[in-house]
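Participant: In case you want the letters, here they are:
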Amino acid sequence: MSEKVLMKGNEAFCEAAIRGGCRFYVGYPITPQSEIPEYMSHEMPKRGGTFVQSESELGSINISYGIACAGGNVFVSSASPGIALMQEGMSFACSAEVPIVILNVSRSGPGIGGIQPAQADYFQVTRGGGNGDYKIPVFAPSTMQEAIDIIYNSFEIADQLRNPVIILADGMMGQMMEPVVLPEEKQPYKTEAEITKYKPWALTGTKNKDHRNRIVSYWAKPEELEHHIIHLFEKYAKAEKELVRYETIGAEDPEIVFVAFGTMARIVAEVIEILNNEGIKAGMIRPISLWPFPKAPFEALSPEKTKVVISTELSMGQLLADVENSVQGRIPTRLINRVGGIVPTTNEILERAKKILGELK
Amino acid sequence: MSQTKMFFSGSGGQGVLLMGKMIAYAAMADGKEVTFLPSYGAEMRGGTANCTVIVSDKPISSPLIHTADVLVVMNLPSLTKFESMVDPDKYLFINSSMIDKKATRDDIKAVYVDAYGIAEKIGENRGANMVMLGAVAQTTNVVTIDGIIRAMEHELTGKKAKFLAGNIKALTSWQP
Amino acid sequence: MKPLYEPTEGLLPVDTSYCAGCGHGVAHKIIMSCIEEKGRLGDTIGVSPIGCSVVAHQFMNVEMCESAHGRAPAVATGIKRVHPNHLVFSYQGDGDLASIGVTEVVHAAVRGEKITTFFINNAIYGMTGGQMSPTTLIGQRSTTSIDGRKPEINGIPIRMSELLATIDGAAYIERVALNTPANIRKAKKAVMNALEVQEKGLGFSLVEFISTCPTNWGLTPVDSLKWAAENMIPYYPLGVFKDTRGDEK
Numbered sequence: 001m002s003e004k005v006l007m008k009g010n011e012a013f014c015e016a017a018i019r020g021g022c023r024f025y026v027g028y029p030i031t032p033q034s035e036i037p038e039y040m041s042h043e044m045p046k047r048g049g050t051f052v053q054s055e056s057e058l059g060s061i062n063i064s065y066g067i068a069c070a071g072g073n074v075f076v077s078s079a080s081p082g083i084a085l086m087q088e089g090m091s092f093a094c095s096a097e098v099p100i101v102i103l104n105v106s107r108s109g110p111g112i113g114g115i116q117p118a119q120a121d122y123f124q125v126t127r128g129g130g131n132g133d134y135k136i137p138v139f140a141p142s143t144m145q146e147a148i149d150i151i152y153n154s155f156e157i158a159d160q161l162r163n164p165v166i167i168l169a170d171g172m173m174g175q176m177m178e179p180v181v182l183p184e185e186k187q188p189y190k191t192e193a194e195i196t197k198y199k200p201w202a203l204t205g206t207k208n209k210d211h212r213n214r215i216v217s218y219w220a221k222p223e224e225l226e227h228h229i230i231h232l233f234e235k236y237a238k239a240e241k242e243l244v245r246y247e248t249i250g251a252e253d254p255e256i257v258f259v260a261f262g263t264m265a266r267i268v269a270e271v272i273e274i275l276n277n278e279g280i281k282a283g284m285i286r287p288i289s290l291w292p293f294p295k296a297p298f299e300a301l302s303p304e305k306t307k308v309v310i311s312t313e314l315s316m317g318q319l320l321a322d323v324e325n326s327v328q329g330r331i332p333t334r335l336i337n338r339v340g341g342i343v344p345t346t347n348e349i350l351e352r353a354k355k356i357l358g359e360l361k
Numbered sequence: 001m002s003q004t005k006m007f008f009s010g011s012g013g014q015g016v017l018l019m020g021k022m023i024a025y026a027a028m029a030d031g032k033e034v035t036f037l038p039s040y041g042a043e044m045r046g047g048t049a050n051c052t053v054i055v056s057d058k059p060i061s062s063p064l065i066h067t068a069d070v071l072v073v074m075n076l077p078s079l080t081k082f083e084s085m086v087d088p089d090k091y092l093f094i095n096s097s098m099i100d101k102k103a104t105r106d107d108i109k110a111v112y113v114d115a116y117g118i119a120e121k122i123g124e125n126r127g128a129n130m131v132m133l134g135a136v137a138q139t140t141n142v143v144t145i146d147g148i149i150r151a152m153e154h155e156l157t158g159k160k161a162k163f164l165a166g167n168i169k170a171l172t173s174w175q176p
Numbered sequence: 001m002k003p004l005y006e007p008t009e010g011l012l013p014v015d016t017s018y019c020a021g022c023g024h025g026v027a028h029k030i031i032m033s034c035i036e037e038k039g040r041l042g043d044t045i046g047v048s049p050i051g052c053s054v055v056a057h058q059f060m061n062v063e064m065c066e067s068a069h070g071r072a073p074a075v076a077t078g079i080k081r082v083h084p085n086h087l088v089f090s091y092q093g094d095g096d097l098a099s100i101g102v103t104e105v106v107h108a109a110v111r112g113e114k115i116t117t118f119f120i121n122n123a124i125y126g127m128t129g130g131q132m133s134p135t136t137l138i139g140q141r142s143t144t145s146i147d148g149r150k151p152e153i154n155g156i157p158i159r160m161s162e163l164l165a166t167i168d169g170a171a172y173i174e175r176v177a178l179n180t181p182a183n184i185r186k187a188k189k190a191v192m193n194a195l196e197v198q199e200k201g202l203g204f205s206l207v208e209f210i211s212t213c214p215t216n217w218g219l220t221p222v223d224s225l226k227w228a229a230e231n232m233i234p235y236y237p238l239g240v241f242k243d244t245r246g247d248e249k
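Residue numbers (the working numbering), protein chains in the order written: chain C, 1 to 361; chain V, 1 to 176; chain Z, 1 to 249.
Read the hints as simulated data drawn from the structure, not as lab findings.
One should not assume that every hint holds.
What the hints assert, rightly or not - Partial list, computed: chain Z residues near chain C (C-beta under 7 Å):
#, residue
1, G42
2, H57
3, C65
4, A68
5, H83
6, H86
7, I158
We put the CB at the ideal spot given by N, CA and C, even for glycine.
In isolation and in its complexed conformation, chain C is listed as follows (with noise of 0.2 Å):
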């Protein structure tokens, strides 16, 4: 095993893209992840990788959208205002079956709103804000470890499903440091007969093949889409089996369990900790993959046991949802969040949860 080193969360997630055998990187400046493409800029071109400043974010996306069909292994980056100008071509890329590994290193908003740690991109990520049917797989870290083990693997989920992949980080993992453990470096294909083989999809030109590569998203006929439209809802279902990952932490049985993600799961941790001490049973579903939301810990929640679920999050109510989704009544559902950039303290969450549990009994 490799040594710790001590790394800036935005660094970080360029070395897991780069040893996970991405070769391209396209990236605007925005915060809180700018020293993404500042990175890529000086260190693509040292791993025999390229790297381009696009002039904003829809070219961003649609650069990154050429080399995924021409073959290549693409990591793009943005913050949230950034993520809602791509939105077109994930849309397009998930139609087109082309895959595209995407950080959001997530902002406040609406609008500009700020720079500071949200979770408010919650739907944008997990119901897409582009036209149409599609699903994209969303994995969202809590740690700088897991960040650089999700990243390093997304390009190999993105390439079998032919399907973008987004994680979602926060402006605050994108600047903290924290010491990791690097991932042996991938060898990416690069040559067009690899890239022929094991991406026998991807345009290289026709002169080493027996066909011609055709990549589209447009279909005339109602019949023709509608087929490919339930292609993709075939491998999504698939997706939607493979890719769901969670962790649970905490009392059996609890009598309150939180829901929270990425940088929240992080401080519910502490209150979860701090309760179980206090004598209280507290435990929490931490999903890692958003889409697919993981519904069986919630299935295997007691309404005899458990007394409340709370979605602990930095939006106002867009976890609940799925939260809520997931319960199906079967257990009061509650809310603890901050927006506008603020995270709650331990102590805030505590004391409201505290408050939640002396309203139900």
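Given the coordinates of chain C, work out where chains V and Z should sit on it, guided by the hints.
Facilitator: Quick look at chains V and Z alone, frame taken from chain C:
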């Protein structure tokens, strides 16, 4: 369990983030868990700069703190704004070269460090932050001076190597 | 006897979906026969736009992908970065390139991307049914300018070739027309030049074709050619606006 929550604050250009980073590197080299969280964004531009460092024997859940075991203030606005963060009986380090006020609380351990004065005296005018860091390390024992020197040797390479000797000199110049 | 007309292997032997008198068929033929003559059909990748020619890949016998509206130069940029030795082109209309895609084409030129853009200018949105485009002429009727385009309301038509020629990363910019056999021959020469510029790695290249849209202009194919000559060419003068071949050392 031992966990130390540290907060460094000053104005941009005072080397506040570097103090925090050096603690983080030294703690990691000692096999400890550590998180380093800087303030970021528009407030960096000529305004205040601050960072949070947590050093712990076990994995750290939240990198955010609301009270501190060690508060280091390099300018007056930082003292005014953050003095209340210090937990009772814990440390407040005040850069007395630039702050002529005393701590208003008597339930904490205030340490006054003439960081700029000492740096000037030893001929390392840009080393005030390292003077302060030396005082913090020696007083709190969160990390050792040797640990910080090893971290500096690791970090200050290439173009920055020329700053190593001066920084070490500044780091070891404060006497209790 | 020398044949007067031969099909090119660059086009598939299928009927196109374009209207009678539309310039796309001629433009397709010119571009693909140039690529064939260069022996590059096997390592050329094209990007089709949103517009009538979204389906160009059904006719052009090279590997291609579709792109979102206006983004073809960005997509072509990505492809070229993966396959720097391939010929990469985008094929775009005036709504796609001169309106929604101005940013993408300008910045592909600014970066000096070694791609070739074929810009088919027929001064109207064809696929959506004849709305005013940025290159619709003053006084020209469209479904969104039924009394004719008025500068005080709709602005003045944009000349993209002239604009792009001011960018240092653009190495070859020429405007040609498809209205007469002589102009078609010149157009073919322009395409050959633009592809040569790409092969030499000199920078971004673009050929603008003054084309026709009889359906949305409400004219017969023959009258369309006349209308293009009398109205479009005077406003969009033909010629080479940039050619850096020979400048290289």
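Participant: Could you run down the list of hints and mark each one as holding or not?
Facilitator: Right, here's what the structure says about each hint:
1. Restraint check, G42/Z versus chain C: the minimum CB separation of about 3 Å is within 7 Å; hint holds.
2. Taken as an interface hint, H57/Z checks out: its beta carbon lies about 5 Å from the nearest beta carbon of chain C, inside 7 Å.
3. With its C-beta approaching chain C no nearer than about 4 Å, C65/Z sits inside the 7 Å limit, and its interface hint holds.
4. Hint on A68/Z holds. Least Cβ distance to chain C is approximately 5 Å, under the 7 Å limit.
5. Using the Cβ-Cβ criterion of 7 Å, the hint placing H83/Z at the interface with chain C is satisfied: the shortest such distance is roughly 6 Å.
6. Satisfaction of the interface hint for H86/Z is found here, the shortest Cβ-Cβ separation to chain C being roughly 6 Å, below the 7 Å cut-off.
7. Annotation: I158/Z was flagged as interfacial toward chain C, and the flag is violated, the nearest CB pair being 18 Å apart, outside 7 Å.
Hint check: a violation occurs at hint 7 only; the rest are consistent with the structure.
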